[in-house]
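Participant: Residue-level listing of the chains:
There are 4 protein chains.
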Amino acid sequence: MSLIEERWQLLADVKKELAERDWFPGTSGNLAIKVDSEPLSFLVTASGKDKRKVTSEDFLLVDSDGLAVGETNLRPSAETLLHVEVYNKTNAGCSLHVHTVDNNVISELYGDQGEITFKGQEIIKAFGLWEEDAEFRIPIIPNYAHIPTLAEAFSEYVNEDAGAVLIRNHGITVWGRDALEAKKYLEACEFLFSYHLKLLSYQTLLVKN
Amino acid sequence: MSLIEERWQLLADVKKELAERDWFPGTSGNLAIKVDSEPLSFLVTASGKDKRKVTSEDFLLVDSDGLAVGETNLRPSAETLLHVEVYNKTNAGCSLHVHTVDNNVISELYGDQGEITFKGQEIIKAFGLWEEDAEFRIPIIPNYAHIPTLAEAFSEYVNEDAGAVLIRNHGITVWGRDALEAKKYLEACEFLFSYHLKLLSYQTLLVKN
Amino acid sequence: MSLIEERWQLLADVKKELAERDWFPGTSGNLAIKVDSEPLSFLVTASGKDKRKVTSEDFLLVDSDGLAVGETNLRPSAETLLHVEVYNKTNAGCSLHVHTVDNNVISELYGDQGEITFKGQEIIKAFGLWEEDAEFRIPIIPNYAHIPTLAEAFSEYVNEDAGAVLIRNHGITVWGRDALEAKKYLEACEFLFSYHLKLLSYQTLLVKN
Amino acid sequence: MSLIEERWQLLADVKKELAERDWFPGTSGNLAIKVDSEPLSFLVTASGKDKRKVTSEDFLLVDSDGLAVGETNLRPSAETLLHVEVYNKTNAGCSLHVHTVDNNVISELYGDQGEITFKGQEIIKAFGLWEEDAEFRIPIIPNYAHIPTLAEAFSEYVNEDAGAVLIRNHGITVWGRDALEAKKYLEACEFLFSYHLKLLSYQTLLVKN
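Residue numbers (this note's numbering), protein chains in the order written: chain Z, 192 to 400; chain A, 192 to 400; chain D, 192 to 400; chain B, 192 to 400.
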């Protein structure tokens with residue numbers, strides 16, 4: 192199996208798993224995995240596909256500008272520029288972007304603050320934070336319709352090999368050194384969002400009694 | 192594979208996927224896909240079937256009046272007249288009707304207003320709306336027990352090749368140029384309903400503190 | 192395939208489907224399907240089994256007293272006496288008992304009233320009620336630990352060939368003329384419970400603003 | 192099939208089932224099954240694996256100190272010491288630790304009280320409690336980052352062959368005489384948590400009207 196075939200399979204596995212959770216509503220979401228570093232090339236989801244299906248046109252290879260490598264009828268996902276930022280600025284190997292109800296609600300509730308911070312929760316160990324008082328901060332950026340502007344706002348928070356950024360009323364982008372780490376970050380973020388929202392509803396009620 | 196077999200398979204795939212989400216509670220819901228335009232014929236779900244099963248009696252062919260084409264023991268779904276409106280008035284290729292808890296709650300909360308409007312949410316791009324301030328409006332019609340009356344009320348909002356109408360305390364009907372677009376509209380609507388309901392519960396609480 | 196084998200397979204299909212929805216938490220729940228009327232015999236789930244597994248010991252045949260027919264090491268489900276009431280008093284062919292979070296919450300919220308009534312909801316057509324102002328009433332009985340007492344309280348509401356009874360802080364028992372109808376009743380009840388609970392939370396909030 | 196192979200398969204089945212419920216977010220969670228008593232050995236999940244995958248490196252054999260038996264590149268789960276307490280102090284055969292949103296919310300809401308008690312709920316029969324007024328108490332311990340300290344706090348509540356302990360803002364550990372009983376305890380606990388949280392939200396609202 193060639194390198195590109197191996198990476199294709201890894202990304203297809205991630206896509207299948209996220210599709211089973213129904214994390215690609217309305218053909219939303221996009222995924223990428225690095226193939227080569229010098230020069231940079233990565234596989235990214237083709238635009239407009241039903242991500243619950245498995246086909247030979249699910250992904251295409253793009254370069255460091257997010258442009259297709261070689262002849263193809265496929266268009267890279269509209270948000271490929273965000274993945275470009277990840278691979279140009281860090282040593283990440285995989286990046287995932289999904290829309291979920293809970294990440295959208297969190298992004299709106301905390302959007303004016305520009306971030307949400309989690310602490311005192313066991314699962315933040317998934318981010319490599321093992322100290323008892325460790326904090327994990329997720330920035331929230333505005334959802335600029337102009338993708339280069341969105342990519343620029345996103346880029347400001349892309350400084351490490353693994354991380355997460357919320358886009359307000361839109362979704363989350365996470366990245367990690369490899370597919371497993373990117374998926375681990377994503378699952379841990381979604382767990383924290385769901386936990387936070389559920390706890391919030393009871394705390395508000397309890398405070399008032 | 193004949194045209195009708197191909198369309199059958201496409202509709203069976205959609206049915207399977209919606210069944211996996213449990214969107215056909217109590218044998219509810221009905222699906223249709225256009226086969227021919229001149230004269231109009233389309234496949235529609237047979238009445239009273241368990242939509243989690245896959246059988247050769249899941250669908251039957253009907254004409255522009257919603258009547259079975261050829262000899263059959265099957266009865267078309269009771270709400271076939273709504274699908275008739277879609278194919279007679281537009282170039283849609285597929286139409287889907289499902290009951291979910293969230294589309295029912297939305298239809299009741301906003302029923303008196305006769306519509307619900309979404310804006311400022313990334314996923315409305317699924318409706319082909321790419322501008323930052325775009326709005327997507329879903330009309331809500333009363334749930335007339337008399338199906339021809341219901342179809343008439345529904346027909347008022349069937350003017351484009353893709354769209355969505357809520358029926359109060361009943362469910363949603365969406366349609367699109369093909370099965371993928373209809374499904375995309377449906378998923379995007381359900382995402383917006385779930386998002387809106389969840390956010391609403393926190394906004395109300397937050398406003399009160 | 193013998194009659195008993197055919198019924199076994201029908202009940203196994205229902206069990207598999209309900210298991211996929213996770214409606215048998217902690218080995219709870221029990222299912223039955225009639226095999227013969229004269230004398231009465233029906234298959235019922237064996238006690239204490241993991242209902243997500245498929246084995247040749249999932250069900251056993253019992254008589255009109257709920258006692259095992261023939262030699263067996265299997266014990267019928269502790270609540271077999273409720274199924275006995277269904278088959279002795281009606282022409283039902285299948286009866287299902289499951290614990291869900293929502294049916295338990297409904298049973299507690301409306302337990303003191305002894306019933307919950309649904310109307311103005313499309314899905315009550317699943318109960319064969321097609322009029323616009325039709326009502327569907329589900330009685331709620333106390334959860335007597337003594338099963339014969341529970342069966343007696345339950346029996347009071349077993350008068351038709353299809354129906355549903357809630358047991359407070361315990362679960363629901365539904366029955367129908369065949370497996371499909373019993374399942375249809377069950378799904379429609381659960382849909383109504385979930386819908387009612389979700390709407391209730393918003394109505395309460397809205398009233399207060 | 193050897194004893195170790197048989198136990199491996201049992202634990203793999205449990206892992207698969209819990210993975211289908213998405214109870215291992217971010218590679219969290221760990222599972223163990225006893226193989227031998229004299230001297231004690233048990234299989235435990237290897238650290239950092241994706242628990243939705245099935246591989247020959249999912250589990251490894253450890254001794255009564257939680258140390259790997261024989262040569263291996265695998266590291267036992269970081270929380271193996273908790274499983275050590277279970278097998279050293281009781282006759283349990285299987286122990287399961289998972290993070291869910293609901294067990295985390297319960298652990299935080301009732302953490303200051305140090306426990307949560309359930310009664311008047313049918314499903315507590317899953318814990319072998321059949322009396323009408325039976326109570327099931329689940330202790331809640333602080334989430335010490337230092338695992339030996341956590342294991343010591345946990346050990347205080349490990350006195351019977353089946354039981355459950357919540358770790359605040361972390362998750363739950365349950366154990367039972369065999370895999371089926373451990374899973375039954377786990378499912379019953381999660382059902383009680385979800386039921387309690389949902390009912391609580393309505394009771395609070397109802398009280399205020």
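It is worth saying that the hints were derived from the structure and are not from the lab. One or more hints might be untrue.
The list cannot tell twin chains apart, which means a pair is met if one copy fits it or any two copies do.
[Said to hold, decoys possible] Here are the computed lysine-lysine pairs in the BS3-like style, where the Cα-Cα straight-line distance is at most 30 Å:
{"hint": "1", "residue 1": "K389", "residue 2": "K280"}
{"hint": "2", "residue 1": "K240", "residue 2": "K389"}
{"hint": "3", "residue 1": "K316", "residue 2": "K389"}
{"hint": "4", "residue 1": "K280", "residue 2": "K207"}
{"hint": "5", "residue 1": "K280", "residue 2": "K310"}
{"hint": "6", "residue 1": "K207", "residue 2": "K316"}
Participant: All hints, please: hold or fail.
Facilitator: Taking the hints in turn, this is what the structure says about them:
no.: 1; hint: K389 to K280; result: neither (35 Å within a copy, 36 Å between copies)
no.: 2; hint: K240 to K389; result: between (33 Å within a copy, 28 Å between copies)
no.: 3; hint: K316 to K389; result: both (21 Å within a copy, 28 Å between copies)
no.: 4; hint: K280 to K207; result: within (28 Å within a copy, 37 Å between copies)
no.: 5; hint: K280 to K310; result: within (27 Å within a copy, 33 Å between copies)
no.: 6; hint: K207 to K316; result: both (25 Å within a copy, 23 Å between copies)
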